[in-house]
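Asks: Listed below are the residues making up each chain.
4 protein chains.
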Amino acid sequence: MNERPSVIPALHHIPPGIQCAQDYEALADRFIPAPAHAYIAGGSGQEATLRANLAAFDGIGIAPRLLRDVTAGHTRVKLLGRELRHPVLLAPVAFQTLAHPGGEIETARAADATDSCLVASTLSSFPLEDIARATRGDKWFQLYFQPRRESTLDLVRRAEAAGFGALVVTVDASVQSPSLRARRAGFRMPDDVRPANLQHHVQPGQVTLSGGQSLIFQGLMSEAPTWDDLAWIMGQTALPVLVKGVLHADDAHALQAMGVAGLVVSNHGGRTLDGIPASLKALPRIREAVGAGYPLLLDSGIRGGSDIFKALALGADAVMIGRLQVYALAVAGALGVAHLVKLLREELELCMALAGCPTPADITPAFIER
Amino acid sequence: MNERPSVIPALHHIPPGIQCAQDYEALADRFIPAPAHAYIAGGSGQEATLRANLAAFDGIGIAPRLLRDVTAGHTRVKLLGRELRHPVLLAPVAFQTLAHPGGEIETARAADATDSCLVASTLSSFPLEDIARATRGDKWFQLYFQPRRESTLDLVRRAEAAGFGALVVTVDASVQSPSLRARRAGFRMPDDVRPANLQHHVQPGQVTLSGGQSLIFQGLMSEAPTWDDLAWIMGQTALPVLVKGVLHADDAHALQAMGVAGLVVSNHGGRTLDGIPASLKALPRIREAVGAGYPLLLDSGIRGGSDIFKALALGADAVMIGRLQVYALAVAGALGVAHLVKLLREELELCMALAGCPTPADITPAFIER
Amino acid sequence: MNERPSVIPALHHIPPGIQCAQDYEALADRFIPAPAHAYIAGGSGQEATLRANLAAFDGIGIAPRLLRDVTAGHTRVKLLGRELRHPVLLAPVAFQTLAHPGGEIETARAADATDSCLVASTLSSFPLEDIARATRGDKWFQLYFQPRRESTLDLVRRAEAAGFGALVVTVDASVQSPSLRARRAGFRMPDDVRPANLQHHVQPGQVTLSGGQSLIFQGLMSEAPTWDDLAWIMGQTALPVLVKGVLHADDAHALQAMGVAGLVVSNHGGRTLDGIPASLKALPRIREAVGAGYPLLLDSGIRGGSDIFKALALGADAVMIGRLQVYALAVAGALGVAHLVKLLREELELCMALAGCPTPADITPAFIER
Amino acid sequence: MNERPSVIPALHHIPPGIQCAQDYEALADRFIPAPAHAYIAGGSGQEATLRANLAAFDGIGIAPRLLRDVTAGHTRVKLLGRELRHPVLLAPVAFQTLAHPGGEIETARAADATDSCLVASTLSSFPLEDIARATRGDKWFQLYFQPRRESTLDLVRRAEAAGFGALVVTVDASVQSPSLRARRAGFRMPDDVRPANLQHHVQPGQVTLSGGQSLIFQGLMSEAPTWDDLAWIMGQTALPVLVKGVLHADDAHALQAMGVAGLVVSNHGGRTLDGIPASLKALPRIREAVGAGYPLLLDSGIRGGSDIFKALALGADAVMIGRLQVYALAVAGALGVAHLVKLLREELELCMALAGCPTPADITPAFIER
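Protein chains in written order, with the working numbering: chain A, 1 to 370; chain B, 1 to 370; chain C, 1 to 370; chain D, 1 to 370.
No copy labels: a pair is met if it fits in one copy or bridges any two.
The list that follows gives simulated cross-link-like pairs (lysine to any residue, SDA-like), each with its CA atoms no further than 20 Å apart: (1) LYS342 <-> GLN176; (2) LYS342 <-> GLN46; (3) LYS342 <-> GLY211; (4) LYS342 <-> ARG183; (5) LYS342 <-> LEU215; (6) LYS342 <-> ASP112; (7) LYS342 <-> HIS13; (8) LYS342 <-> LEU180; (9) LYS342 <-> GLN19; (10) LYS342 <-> VAL175; (11) LYS342 <-> SER177; (12) LYS342 <-> GLN218; (13) LYS342 <-> ARG85; (14) LYS342 <-> ARG76; (15) LYS342 <-> ILE18; (16) LYS342 <-> GLU25.
Please keep in mind that the hints were generated in silico from the structure rather than gathered at the bench.
Hey, can you work out the whole structure from these sequences and the hints?
Replies: Here it is as structure tokens:
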């Protein structure tokens with residue numbers, strides 16, 4: 001199953017059936033081999049969190065207001081001192097060549113074309129420098145801590161040099177393995193899909209466990225970052241550091257207190273611990289914990305423009321798009337991702353217009369139906 | 001797909017399978033071409049609001065009382081100083097020739113035959129004057145603001161001249177496009193279905209957008225009415241002006257305060273912004289906001305007589321029937337619509353009788369099961 | 001469809017597949033013609049109340065207690081000064097020859113064999129005198145008010161003479177017609193199924209309605225009983241009078257205050273007004289309204305012994321079994337009904353034993369899981 | 001149906017499709033004859049409690065914390081003064097030769113290999129002495145009261161002599177019979193499956209019931225244990241006595257007060273009275289009733305490591321695994337059960353690591369998502 005079965009190669013045009021952003025999801029399984037599709041689409045465990053992410057949006061209504069003048073409307077948001085044209089960020093999805101041979105380079109070109117802030121993954125299929133060159137717009141670098149601090153620091157220095165404007169440290173995925181769905185579909189990472197950023201780093205040797213020690217606690221988790229690691233990396237760079245994977249208000253408050261520049265409320269798209277809450281559900285209490293004005297992004301579960309509206313209403317400054325991005329990439333490469341962003345933005349604008357909100361700043365909890 | 005496929009022409013009798021008002025819904029797809037049926041039946045987005053409209057009625061119970069004398073019972077209601085025989089109004093559905101070649105004329109004849117108050121749409125397939133002539137009963141004119149105020153005013157003047165007794169200004173549908181369902185079914189408005197009332201009006205030129213401007217905010221919404229526009233039109237006519245599309249108590253209160261004659265609580269049958277609340281859910285807090293005695297109508301989601309009972313119990317003075325009207329029109333023209341009204345009225349009367357409410361005024365929140 | 005299609009005649013033995021009381025429901029459609037089965041099984045309208053009756057039991061849990069001595073356990077209950085062997089009453093189901101040629105006579109024999117209190121319907125297929133002769137046990141007569149008081153009084157006098165020990169006046173079904181389900185299945189009452197008790201009574205002439213009068217209010221409801229009618233009949237008989245069809249606490253209180261001997265909390269098995277609450281849901285507040293010690297029965301929705309336990313825990317002194325009775329009658333006549341009662345009683349006893357309740361009096365709200 | 005149909009014999013290796021503990025459930029029906037599988041898998045009545053056990057876990061979320069150091073993590077728990085390597089106990093499932101010819105001996109070997117505390121059933125297919133010899137680890141003996149006290153005492157003496165460290169008295173299954181599902185599948189206990197521990201005991205004669213006596217109350221329940229019986233057995237042994245089958249806080253409190261050493265919160269896997277609450281739902285109020293530090297185990301519904309995490313968070317010190325144990329036994333004998341325990345332990349460890357809990361003592365209600 002390691003060989004990719006024959007599937008449709010990515011198109012060079014937008015297929016006629018795409019009527020809304022979510023349509024890329026329905027189409028994607030014809031463009032991605034089944035095992036890889038299972039790897040991308042699946043969530044951990046019984047996928048309760050995966051389902052909860054979607055259900056959380058469905059469970060929240062919008063309370064529109066009438067007759068408001070929105071002709072001066074726009075979607076601009078300020079984040080980390082920068083003005084973004086719109087609040088749709090491209091999430092740091094790993095190994096994008098699973099979906100398209102052009103991988104992250106195509107994605108970056110779409111970001112460039114749509115003025116989208118790109119977040120490049122540590123585990124990208126192409127070197128971060130190549131990705132950085134492919135977009136003139138805002139770009140952040142997502143950082144996974146490496147087994148050795150020198151490796152971690154090397155990644156940071158390269159990101160700084162390549163012009164990334166912020167670091168996004170992911171802290172909720174210390175142990176990663178393909179989901180049950182992916183394993184049942186026979187997924188194995190293809191031999192030619194490798195973490196390009198890490199190829200010159202010495203990989204850590206196997207942990208040697210003594211009798212009675214746990215593969216989890218004394219093995220895999222021995223490389224997981226702690227509060228000390230986070231403080232260390234913040235001391236090594238002048239870049240703003242955001243933390244991704246936050247769901248608990250107390251953690252959010254502690255991170256803010258130690259100088260973290262912003263948070264990404266996320267459950268990793270339901271790909272880490274099954275049973276944890278939907279990101280959207282965690283968002284309001286995190287906004288309450290950090291107060292107004294502190295940068296918060298929402299990741300996991302966005303499937304359309306009204307989802308973005310709901311996230312903004314419940315406290316997010318912007319959102320990250322993960323799976324939809326990969327699906328659009330698989331269908332039509334850079335063109336697909338750019339089209340996806342355009343659709344999401346139009347859907348958001350239509351939602352804002354019909355709800356009576358000319359700008360993102362107008363989208364407050366008052367527009368959520370209780 | 002623009003040509004209509006072969007479907008059953010409207011009957012000249014009531015088909016034997018019709019046992020209740022809702023049965024017209026089940027039958028209609030044999031009388032309407034599939035794309036047009038999708039256009040009529042569909043709701044916006046993922047149709048969450050469309051489903052919510054129905055679920056809201058199902059989620060509410062009736063608390064009946066025993067042994068009451070209802071032999072003096074009736075369904076008469078007072079609205080805008082007029083006494084209506086029953087609280088079932090025919091909603092202003094656009095382009096009724098999509099369902100039946102006789103379109104709004106047939107509907108008006110049914111209104112005439114059943115003493116139903118008819119609400120004619122700006123976007124009718126026949127001129128408002130022809131529609132007005134087809135019914136001797138109460139009739140109101142639904143007004144969409146036009147790109148130019150002179151066009152809007154011309155419509156009002158014609159409605160006044162034709163004998164319409166009130167204006168119903170729709171304010172929740174500034175941007176309209178066929179639903180995803182309709183687009184996926186290949187719906188395009190047939191060439192011979194045109195807004196008869198607007199054929200002599202100059203259509204606005206294309207909006208020219210400069211770089212960075214939004215098709216939504218600076219484009220389509222530039223023609224959307226605002227509070228000022230509403231105040232202006234109220235100053236131009238002696239007709240009572242109702243506003244249709246209200247869901248928020250604060251908007252309801254503001255509209256009442258500016259002299260609007262009554263409100264139609266409506267989410268446009270789930271056809272505008274997906275994710276907004278069911279009309280029925282919004283109704284009680286709007287009644288609370290405007291107080292007793294102020295005219296309120298409920299639109300969206302009525303499928304039978306007990307739904308009308310529930311709407312009246314939660315604060316409505318009357319209801320509007322949209323999709324069912326079109327379905328009955330497609331099945332049997334004026335005869336079908338008249339039969340539909342008869343069924344709805346009988347179902348309402350039976351519900352009132354069994355619940356112990358002889359008149360609409362007796363239907364209070366006390367008859368709702370908590 | 002008025003002729004009965006070929007179906008399996010009732011057996012003279014218990015079929016092997018019957019493992020629990022509810023199994024009679026699954027089997028019955030092979031023993032009853034489809035239209036008649038639809039008539040028996042169906043509920044009014046969209047059958048929301050029919051479904052709610054069952055869901056109400058499913059939604060309530062049992063809180064068992066441990067290690068209690070139940071060896072002196074029994075199922076005896078006191079009702080109207082009589083001791084019944086068990087709290088399972090056979091509900092007054094009309095026209096039982098629809099299910100079995102022996103109809104109510106078979107049912108009465110089963111009551112006799114199982115010490116069950118039988119409630120004979122006004123609309124029985126056999127004369128009440130014949131039914132009374134078929135059981136030596138407790139029996140009550142269910143009374144529908146007739147168009148003329150002399151007819152009603154005649155029924156009461158015959159019930160008194162035949163030895164019925166109480167009257168159960170049904171007040172929630174003033175307008176009755178086959179359900180949508182029954183009409184869609186083509187049900188018409190077979191010509192040979194007639195109300196035996198009423199054959200010598202003059203049927204009322206057609207009501208003549210003047211213009212604008214309602215078939216419901218001025219027509220059908222002109223024969224519905226009112227508070228005055230109930231008071232009148234109570235003055236005509238020394239028999240205790242119970243009222244069936246009560247769902248509202250205020251009605252319950254008023255009925256108790258006027259001297260009614262007991263109430264049957266019932267929504268007529270979901271066969272009258274669709275949308276009214278489940279009987280079980282109404283039960284606790286009615287018990288609260290009438291206080292301890294006042295006779296209350298629960299009808300509608302019982303499908304097994306644990307349902308009886310739940311009803312008793314929530315305030316009922318006994319329950320009535322409707323549809324299951326008819327299903328068992330169809331499958332195996334008197335034998336089937338007797339077996340059904342035996343199963344229900346065993347299921348109840350097992351539930352009591354495992355919950356730690358030796359007698360019905362021990363089954364209090366404390367045994368309901370919150 | 002008493003003959004076992006041809007099914008796959010237990011494997012001597014772990015089948016490749018097993019990715020998580022619950023996968024043994026999906027595989028088991030190929031290794032167990034259909035009637036026996038129905039007997040094992042089924043629950044009593046309509047299986048509401050069976051479903052509730054699973055739904056209770058699904059309905060509870062986990063609230064993870066970030067960046068915590070778990071490298072000193074472990075799964076050790078203290079119970080009855082002993083330290084167990086992990087909180088996964090093998091529940092006392094009866095008649096394990098239904099699933100595998102090696103039955104309880106295989107299970108005991110798996111307990112031995114995985115340092116799991118084994119709970120042997122009174123109704124084991126092999127003598128308790130043989131089971132005890134098959135594992136060097138902790139073992140408890142589950143006791144059903146026998147019709148005669150001398151038989152019960154004999155079991156206790158044998159358990160003491162065989163080295164069992166505690167008695168687990170089951171009190172919630174005084175009446176046992178195959179479920180509806182099992183009966184419908186034609187299950188009868190095979191002739192060669194017998195309670196090995198009881199073969200030398202005189203079985204009680206049939207209870208003779210006099211007229212009007214109940215098979216349940218005066219028959220089957222005459223042998224059910226009461227509070228006095230429990231006090232008696234506690235006076236006969238120096239072994240700690242736990243009670244299994246507790247769901248009510250008042251019972252828990254009373255048992256603690258009389259000196260019971262610990263409780264197993266259990267509804268017998270949904271196999272006794274249908275309609276009683278999920279074990280997990282009952283757990284928090286029982287912990288509240290007995291206070292901190294008192295031994296509590298949770299039984300019924302565990303299907304994976306995160307379920308164990310949730311049980312510990314809500315007050316359990318350890319859990320018992322019933323059906324999954326039998327399924328793994330059927331698939332691969334001792335090897336399967338050992339693998340199951342390994343999977344459950346790894347899943348628990350992964351859940352603890354990702355939630356930020358290094359030890360069981362760290363798993364508090366604060367980690368439950370509200």
